[in-house]
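> Model the placement of chains B, C, D, E and F on the given structure of chain A, informed by the hints.
There are 6 protein chains.
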Amino acid sequence: MSNERYQRGKEKLREILPDGPEILEDGPGQVAPDLVRHAYEFAYSDVYCRPGLDPNIRQVATIAALTALGNAPSQLGNHIKAGLNTGLDREEIIEVIMQMAVYAGFPAALNAAQIAKEVFQELDDVAEAKP
Amino acid sequence: MSNERYQRGKEKLREILPDGPEILEDGPGQVAPDLVRHAYEFAYSDVYCRPGLDPNIRQVATIAALTALGNAPSQLGNHIKAGLNTGLDREEIIEVIMQMAVYAGFPAALNAAQIAKEVFQELDDVAEAKP
Amino acid sequence: MSNERYQRGKEKLREILPDGPEILEDGPGQVAPDLVRHAYEFAYSDVYCRPGLDPNIRQVATIAALTALGNAPSQLGNHIKAGLNTGLDREEIIEVIMQMAVYAGFPAALNAAQIAKEVFQELDDVAEAKP
Amino acid sequence: MSNERYQRGKEKLREILPDGPEILEDGPGQVAPDLVRHAYEFAYSDVYCRPGLDPNIRQVATIAALTALGNAPSQLGNHIKAGLNTGLDREEIIEVIMQMAVYAGFPAALNAAQIAKEVFQELDDVAEAKP
Amino acid sequence: MSNERYQRGKEKLREILPDGPEILEDGPGQVAPDLVRHAYEFAYSDVYCRPGLDPNIRQVATIAALTALGNAPSQLGNHIKAGLNTGLDREEIIEVIMQMAVYAGFPAALNAAQIAKEVFQELDDVAEAKP
Amino acid sequence: MSNERYQRGKEKLREILPDGPEILEDGPGQVAPDLVRHAYEFAYSDVYCRPGLDPNIRQVATIAALTALGNAPSQLGNHIKAGLNTGLDREEIIEVIMQMAVYAGFPAALNAAQIAKEVFQELDDVAEAKP
Chain A
37 MSNERYQRGK EKLREILPDG PEILEDGPGQ VAPDLVRHAY EFAYSDVYCR
87 PGLDPNIRQV ATIAALTALG NAPSQLGNHI KAGLNTGLDR EEIIEVIMQM
137 AVYAGFPAAL NAAQIAKEVF QELDDVAEAK P
Chain B
37 MSNERYQRGK EKLREILPDG PEILEDGPGQ VAPDLVRHAY EFAYSDVYCR
87 PGLDPNIRQV ATIAALTALG NAPSQLGNHI KAGLNTGLDR EEIIEVIMQM
137 AVYAGFPAAL NAAQIAKEVF QELDDVAEAK P
Chain C
37 MSNERYQRGK EKLREILPDG PEILEDGPGQ VAPDLVRHAY EFAYSDVYCR
87 PGLDPNIRQV ATIAALTALG NAPSQLGNHI KAGLNTGLDR EEIIEVIMQM
137 AVYAGFPAAL NAAQIAKEVF QELDDVAEAK P
Chain D
37 MSNERYQRGK EKLREILPDG PEILEDGPGQ VAPDLVRHAY EFAYSDVYCR
87 PGLDPNIRQV ATIAALTALG NAPSQLGNHI KAGLNTGLDR EEIIEVIMQM
137 AVYAGFPAAL NAAQIAKEVF QELDDVAEAK P
Chain E
37 MSNERYQRGK EKLREILPDG PEILEDGPGQ VAPDLVRHAY EFAYSDVYCR
87 PGLDPNIRQV ATIAALTALG NAPSQLGNHI KAGLNTGLDR EEIIEVIMQM
137 AVYAGFPAAL NAAQIAKEVF QELDDVAEAK P
Chain F
37 MSNERYQRGK EKLREILPDG PEILEDGPGQ VAPDLVRHAY EFAYSDVYCR
87 PGLDPNIRQV ATIAALTALG NAPSQLGNHI KAGLNTGLDR EEIIEVIMQM
137 AVYAGFPAAL NAAQIAKEVF QELDDVAEAK P
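Chains as they are written, first to last, in the numbering used here: chain A, 37 to 167; chain B, 37 to 167; chain C, 37 to 167; chain D, 37 to 167; chain E, 37 to 167; chain F, 37 to 167.
Next comes chain A alone, as it looks inside the complex (with noise of 0.2 angstroms):
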């Protein structure tokens, strides 16, 4: 019955996060799978297909959640480089964490920005690694 939700919600974590599905499914879906099937269905299906909001603005709003949180470093890593696919540019991702400071203080926005670094060499390694 919840087929169609489970596959949207799939593609729709694939098509922010290309290896999303690879990241829930080989980890904490091996001894967790409904966990992982409830994330495509509810997270990325239910909320993350409504219209009401741009796909970069939801990607602002993870992305302050997670920085302000702090207790899913991983996470914030895969939800900046999402935001990096909707749209945003490096800069506003940076604005976000740094705005935090004010929220949730200077450690958590430090912790983040330094994710972001991260996240960017990365990104950066990759790109240079192709001819």
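These aren't lab readings, by the way, just hints derived from the structure by calculation.
We treat Cβ as the ideally placed atom computed from N, Cα and C, and that holds for glycine.
Incorrect hints may have been included.
[Stated by the list, open to error] To give an idea of the interface, some chain E residues facing chain C are shown, with a C-beta separation under 8 angstroms as derived from the structure:
id, residue
1, Arg-86
2, Gly-88
3, Ile-93
4, Thr-98
5, Ala-100
6, Ala-101
7, Leu-102
8, Leu-105
9, Glu-128
10, Glu-131
11, Met-134
12, Met-136
Relative to chain A, chains B, C, D, E and F alone:
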């Protein structure tokens, strides 16, 4: 020396939340005037006046973070008002809050929606009271 | 399409907390009806209806988490009531709360005990008012 | 067997906050007396009676932590009173709270300053009421 | 004087997590032996030895809280092992973690599932290595 | 215009943590130089240079907050070093960390003690390597 930053920050706050300076100065500012000064100089001047992000986007980031953190309900209410003032519509604010159920859980999102409900009601009451 | 999940979730919530649907629908549901819908469909249908855990155990997990997080006092109160409805006794709920002093500190545990006190008192008052 | 620790902890709490035992025992202690007992025996006897830190410094640490965590406003108010009783002055308490804007963000610091304002006002009102 | 509580707590910890005392004593205990002593005397003796809750239920509460808080991944891994030792099965632990997506968001739940995956793998490797 | 605050803040940081500026500038400063600038100008100049609190006391407050929040282990390590530099001794730092078990739970305190252990070890190794 910091006069210019102070003035610019206070005006920025008044621009996005007309009674913001009074809320700060009559509340915590009574015992911590320098903390309020830093809020003007650092948060509202150094950060909010930066050109790199649309004011709307800044409110999205702040509403997302305060919903997720859940530690500042009155500031969340004020930034919901500020978001409406910078040009977000009610539906967009609710979308941001809903998305936070994915990142910070349902209680955080439901509590933020309840705060939004009270802000919207207050604004409707004020609008209705006008001739 | 989601009708069945919606109905099942709403019934599940009513089963463990008879006035739960009214609390959600008359509160945050007034501005965020789809967030309440997701609470029914995802939280109370997809998760709470799963057979893998005793309903009592689910309430233990929720009471522990809400005590530790400390960001949702009214939801904690409701899940204390829900725990009594699924079959936990008052002493067990207090034990769970006490244990949280170890993991989240004394203020979190003491505040949760205060909420439990108010819930127990409310239930005693209702019981006493009956002929 | 734990009588001595219990008595010593309760006296320690009364020393730094004269109505502390009543707040604990009449509040959460009504449903969780052993949690209050652990607060006396562990927190106020085993930890607070240790000689390694000046009582003032202990209150600085507690006020900083409760400001940053933001999950226990009434305990923060009580420890602001306790800090005044152990010898901190109001300006020092405000300095600690202000510094937390750096580590936990402005909303956390502003909310703590608001609590300090209310505590100071309450103490001034009591002082004024005396002949 | 506290010898009995110390011994009882250390044995309790060893009962639910055989290498628990070494983890504590060789790690943080090297600089904070009294903190480890309090962990034995307060956490593992005063709290965990109380008769009011089944050991399984205590692990459910702890796993739920550590998943939701997200600040202590190594302790979460240890309590997943402890839960298996007190009698929870893997599926029940995953159910508790999944439920936390509702209360603390998907990143917290996914990170806990990843930790569970690593614990299960480690246990399988040990089991396989035995003749 | 902000040159003076920038210089004063950078010097203040170097005073309490000699390699602090390099940590900031070579890390997050590579992508977010203005965030590092704000750390100097706001955190280390506007806040840390205020005369109202002894430098030791400021480190107690910071160590307490970072232990309790648990979201910034590397910054906590740096502030443990900074505390030793401003004049706290190791025992006092451990006392502050132990006290946090009361306010933020044992995992937070144990993880901070583990970080302190590693910092102390690193400092001993450096001291031993000197002729």
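> Hints first: check each against the structure and report whether it holds.
Comparing the hints with the structure gives:
With a least beta-carbon distance of about 7 angstroms to chain C, the hint placing E:Arg-86 at the interface is held under the 8 angstroms criterion. With 8 angstroms as the threshold, the beta carbon of E:Gly-88 comes within range of chain C, its nearest partner Cβ sitting at about 4 angstroms, so the hint holds. For E:Ile-93, the interface hint holds, the least distance from its beta-carbon to any beta-carbon of chain C being 6 angstroms, beneath 8 angstroms. Of the supplied interface hints, the one on E:Thr-98 holds, with its beta-carbon coming within about 6 angstroms of a beta-carbon of chain C, less than 8 angstroms.
At about 4 angstroms, the closest approach between the beta carbon of E:Ala-100 and any beta carbon in chain C falls short of 8 angstroms, and the interface hint on this residue holds. At about 4 angstroms, the closest approach between the beta carbon of E:Ala-101 and any beta carbon in chain C falls short of 8 angstroms, and the interface hint on this residue holds. The beta carbon of E:Leu-102 comes within 7 angstroms of a beta carbon in chain C, closer than 8 angstroms, and the hint placing it at the interface holds. Because the smallest distance between the Cβ of E:Leu-105 and any Cβ of chain C comes to about 5 angstroms, under 8 angstroms, the interface hint for this residue holds.
Annotation: E:Glu-128 was flagged as interfacial toward chain C, and the flag holds, the nearest CB pair being 6 angstroms apart, inside 8 angstroms. Hint on E:Glu-131 holds. Least Cβ distance to chain C is approximately 4 angstroms, under the 8 angstroms limit. The interface hint given for E:Met-134 is met, as the beta carbon of that residue sits about 7 angstroms from the closest beta carbon of chain C, less than 8 angstroms. The criterion of a C-beta within 8 angstroms of any C-beta in chain C is met by E:Met-136, whose closest approach is roughly 6 angstroms, and the hint holds.
This entry satisfies every hint, going by the numbered hints stated previously.
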